[in-house]
Amino acid sequence: MSHGHSNPLQHPEVQMASRSSYLAGFVIASLLMLAATILVSGQVLPPFALLLTIMGCAGLAAIAQIYFLLHIDISEHNIWNTVALVMFIPLFVITIGLTWWMFSQLYLRTMPMIPGMPGMH
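First residue of the sequence shown: 85, per our numbering; consecutive thereafter.
Keep in mind that the hints were calculated from the coordinates and are not lab data. Be aware that one or more of the hints could be misleading.
Just the calculated beta-carbon pair ranges, DEER-fashion [as the list claims (entries may be wrong)]:
| # | residue 1 | residue 2 | range |
| --- | --- | --- | --- |
| 1 | Gln189 | Leu107 | 41 to 47 Å |
| 2 | Leu192 | Ala142 | 22 to 28 Å |
| 3 | Ser105 | Met139 | 22 to 28 Å |
From the three backbone atoms N, C-alpha and C, an ideal C-beta is built for every residue, glycine too.
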């Protein structure tokens with residue numbers, strides 16, 4: 085399977101690799117992680133707003149890494165990687181959601197009720 089290229093370096097996926105793209109992805113993800121770390125250590129937001137902000141930073145970092153480091157987009161030569169990502173995301177969300185649900189139920193069933201603790205009925 086040569087995919088029409090006798091020279092492996094002429095393959096479209098190899099041609100997409102560039103130092104500036106990898107550096108941009110790394111810098112963007114690092115800055116988002118630094119921002120989340122500063123927000124947590126400084127305790128500048130209420131807990132729920134902090135949770136939403138951290139989730140936003142994590143989502144943006146994941147998108148930056150998918151685009152800049154993995155080079156996944158909707159181009160024709162990259163279509164199977166995009167299909168694999170589209171199939172992976174729901175499975176990942178279901179796995180994380182079910183894990184969270186399992187541990188929250190386990191916590192509610194095994195931990196003693198503390199009077200006045202928020203979220204406990």
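To see whether the hints hold, each was checked on the structure:
{"no.": "1", "hint": "Gln189 / Leu107: 41 to 47 Å", "verdict": "44 Å, holds"}
{"no.": "2", "hint": "Leu192 / Ala142: 22 to 28 Å", "verdict": "26 Å, holds"}
{"no.": "3", "hint": "Ser105 / Met139: 22 to 28 Å", "verdict": "26 Å, holds"}
In this structure, every one of the numbered hints holds.
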